[in-house]
Amino acid sequence: MSDLATSAVRHAGAAAVPDGWQPQIVALVCNWCTYAGADMAGTTRLEYPATVRMVRFPCTGRMSPLMILRAFEQGADGVLVSGCHPGDCHYVQGNLVARRRFTIFRSLMDFLGIDLRRLHFAWVSAAEGHKWARVVKDVSAAVSAAGPLPRPLATDGWEGPVLPAAEGEGPREIPAADSVALRDHLRRTAVELLESGRVGVVIGHRRGSLPGRLVPVMAATAAECRELEWGEGAVNNLVTYAATALKGAEKAALVVKACELHALTGLIREGQIARERLLLVGLQCPGVRPEGGLAAKCLGCSGAPHPACDLLLTPEGVREGGSEAPAAANDDARDRQIAHLESLPADERWLYWQRQFARCLRCYACRAVCPLCYCSTCVADKHRPQWVPTTIDARGNGIWNVIRAMHLAGRCTGCDECARVCPADIRLDLINRKLALEVERQFGAAGLDPGEKAALVDFRMEDPEEFIL
Amino acid sequence: MSRVGVFVCHCGENIARNVKVQEVVDFAHQVPGAAVTEHYPYMCSAPGQQMVIDAIREHGLDRVVIAACSPQLHEPTFRAAAAQAGLNPHLVEMANIREHCSWVHHDPIAASAKACQTVVAAVERVKRAKPLDPIEVPVTKRALVIGGGVAGIRTALDIANSGQPVVLVERQPSLGGNMSRLSETFPTLDCSQCILTPLMVQVSRHPLIELMTYSEVTEVSGYVGNFTVRIKKKARHVRVEDCTACGDCAVVCPSPVSNEFDMGLSTRKAIYIPFPQAVPSSYTLDADRCLNANLQSPTGFRVLACVKCDEACKPKAIDFDMQPEIVERQVGAIIVATGFDLQIGQQAKECGYGVYPDVMDGLEFERMLSASGPTEGEVRRPSDGATPKDVVFIQCVGSRNPKHGVPYCSRICCMYTAKHALLLRHKVPESRAFVFYMDIRAGGKGYEEFVHRAMEEERVMYIRGRVSQVYEEDGKLKVLGVDTLSGKQVEINADMVVLASAMEPTDHGKIAGTLRIAADEHGFLKEAHPKLRPVETLTAGIYLAGAAQAPKDIPDTVAQASAAAAKGMELLSHDALERDPTTAHVNQAACAGCFECLQVCPYGAIERQEVRDRQGNLLRMVAWSNPAMCEGCGLCAVTCRGGFIDIAGYSDDQVFAQLGALGPLPEVLGR
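Taken in sequence, the protein lines are chains A and B. Each residue of the first sequence is one higher than the one before, starting from 1093 at the first, in our numbering. Each residue of the second sequence is one higher than the one before, starting from 126 at the first, in our numbering.
Since the hints were made in silico from the structure, they are not lab data. Be aware that a few hints might be false.
Keeping only pairs whose Cα atoms sit at most 25 angstroms apart, straight-line, the calculated DSS-like set for lysine-lysine is [to be verified]:
| hint | chain 1 | residue 1 | chain 2 | residue 2 |
| --- | --- | --- | --- | --- |
| 1 | B | LYS656 | A | LYS1223 |
| 2 | B | LYS359 | B | LYS439 |
| 3 | B | LYS359 | B | LYS441 |
| 4 | B | LYS145 | A | LYS1229 |
| 5 | B | LYS255 | A | LYS1474 |
| 6 | B | LYS656 | B | LYS514 |
| 7 | A | LYS1545 | B | LYS635 |
Build out the structure end to end from the sequences listed, making use of the hints.
Okay, here's the thing in structure tokens:
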């Protein structure tokens, strides 16, 4: 039975194509334009291959990546998505929002090594019967060339493309005396904030049970504040705890690294946290070492606290922050690794990601630790309908990881907690970083201003669409 | 388990030629839940429909699939048939095996396989369909007309004459709009004021029209049939009911102001009446230009330095203490008729507009021609008051110019230029009129004849070519152009130059934002469909009339105004409206309150609602979709990451089942 999981079958020797095989293509079409355009092709008695099965929607805006994935999962060799031309949408802007969604989804599919000959997008209007026939012919030819959707092969093992090492200086080392001074300022400031009543709780780190490890703490007493710690063991993204802390206190102080602060942007924009209920405390970060070595996200970072923090701690003392200036731009060490993957042929990329996803246990630790995953129930746990199969195989794992990446596109700000907590060491950070880069490249949106719309909720008439037929 | 009836149509030969109907029927019979499978030559015929009705009743069917032509043709037919049999019409699904199958695939094996799959997918989909009832929305029987020019006036009168109350809001102190500025109208040379003012008076006297002049719409909320509108009535400082329009106040007022009604060619006073036939017939105090503006005593009290107008006013109609007032009205339909301005763009400036006083635009020249204008109808140069002999008219100044102006044609300029040239020749018989044109667009009734009259009777010289430069030399305006028909360069020493500048929508269509309707990049309000729905917008209940939608002349404006009125009357003739029930529903128990759905909704149909506990404490905010405003596009449903929004009639369950049925079939069919 055909599955979503294709494999290295292309370079392992393609499965024999049965005689007279015709591709099965599922077409998601909008009612007002493409469906009517296909009707017109019929009225005009044009002839085209009988490969396409139509699913009618009110608008391309109603078409979710989950539906495309379901079509493949159910055995379609190819999927065609088609709707009204930009500017002509019956619902004004459905296709414009959808266009951005499709752009990112397609680049994600490409990054994961899926053969793009199987996935097509088109604008076909109600008057374009001839175009519909031509599109079906061209898409059928492309899917035919790609062949039947391959069956999965065993993907055990860790071999596969090797990524270049992530390199970078990392933040400057903090002399021991300064570290102590920072920690003391932190403790003193925390006690003062609590005792003055300025905040009801201080979210920070304290010593854990393992040497060198720090764990999150919600310090609600002066005694707890005097146990606060800082340093390279402060790996957790404390923003994840902010919403919970605010349930018990009117205002909370949050000790925050620059890489975590951007997660707040998303939460503020999406109405989950009110900025004025947080007091942000920033200090120089030595870079975190979750497993001994410097984390990949730290390699390109200076460790400087974000200027937007309300209080900035230095070895010398405390000063007010709250600047509007953006943080200094950092090079991301993983961009080299992403570029390497992009340079490989699609099947090798496919092999790489299939090996990664094969290890996924569906423990959902990535979801639990992500500050931006706050839904009361996750779509992955939805039963009616069960868009994301719960099976721990290439099929279920693939769909889970794809939809998670899509949900984070334009929102994820690279704290990498998901990759850190994954017990199977899946490079989730690469996927999220790739989509962040893609959103910026295609739409120019860095997503760092809570007042701006998130990239995938916004649109411009001039959004790119070279891939759309 | 559902009991689905599947009916496969032959459509004569149209389907049966390429699709093996019996095979489809037999195949459908195997699908779980298929209780009845039939076929018939013409399902849409009366006996065909009766077959469906009888089957529903006899076999207790609770779902129906018709495998036939496109639902765009006959979905209403079969839905009505189901309703007749007592089955909810939304429990009927059509499988398109004609336009998408038999008409385009000539291999019977492939066509039949596709037809089988399409039918099975439709059966699986319809099994998850839920009964839906139309949403009933009450209708407030009152219309709002925004704009008191000829379009707004015509619309208001038509609706009020049909017996429905109207609120007409105009932001100038008087009704009339641009048409009241005109001297004569083409092609009849009717005096513009003479044909307009009777209509203006009718509006003011109409018992069903609430006229608010010197007022602006500030906020519109609600949805079709139930709009709430906030209107700001600006402080006129003159009590309209007491003012006799005697004018004694203006005589003594010491504050001269550029007269915008005369396009700046004359001055008025701070207290003024825009033109003698103004409706309402009342003076207005321009509070910003009155000498008392912004005066305050050291202790912060408003001070009156000059009360000359009040002293001169015998009816004592002047009230310096008048405050602006915000009023609210409930209306069911809104017609937007906000009109146009002439745009002085880059090209006009290159022709000397703003540089030389004797270069003017079409409306300025119009005022000059008008008997009640700055020169009492005599054509005089603004610079020295002399009567011009040679006048050059330049068409397409800014229009049809994608690089330096607007790409569109402003439609009225060829005609009013011909009119201007003709009237000039009437008023100054020894004058010479030259018109530089690219094309002559005279498509209306009597228009072509009118232009020929200007050319042949009045000997207006039409030069086909553009003007490259206008500059002053020796007291004359040198106009450098070209005559493309002779191929020669042309130089005219003109006394005056009139530019036919581009028409642009008032305020670049800013009203669109207040109403949440679409406007194009020039600010023209967008119609629902340029050919078939020219006076509606995509927002139910809001209609368009006049130049606000696109450049047009008075006949088309009046026609469109009556059309918009008809649409408004159609809406208001219902006591309740039925809206399509395929709308969005939010699972409020799960909603996390991120409101990305609200940000993508094109119709503003998503609202924030509070969730409170039994003590009344606010727990959180959640989204709610207003079924009266929701059009069912589904953007919200896909945007919602948790999947907490679903669309009735296009639900996740239905799509999931349909996609599931398109997969394994080849195996079952043994192909």
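Cross-check of the supplied hints:
no.: 1; hint: B:LYS656 to A:LYS1223; verdict: holds (23 angstroms)
no.: 2; hint: B:LYS359 to B:LYS439; verdict: holds (24 angstroms)
no.: 3; hint: B:LYS359 to B:LYS441; verdict: holds (20 angstroms)
no.: 4; hint: B:LYS145 to A:LYS1229; verdict: holds (24 angstroms)
no.: 5; hint: B:LYS255 to A:LYS1474; verdict: holds (20 angstroms)
no.: 6; hint: B:LYS656 to B:LYS514; verdict: violated (45 angstroms)
no.: 7; hint: A:LYS1545 to B:LYS635; verdict: holds (22 angstroms)
The structure does not agree with numbered hint 6 stated previously, though it agrees with all others.
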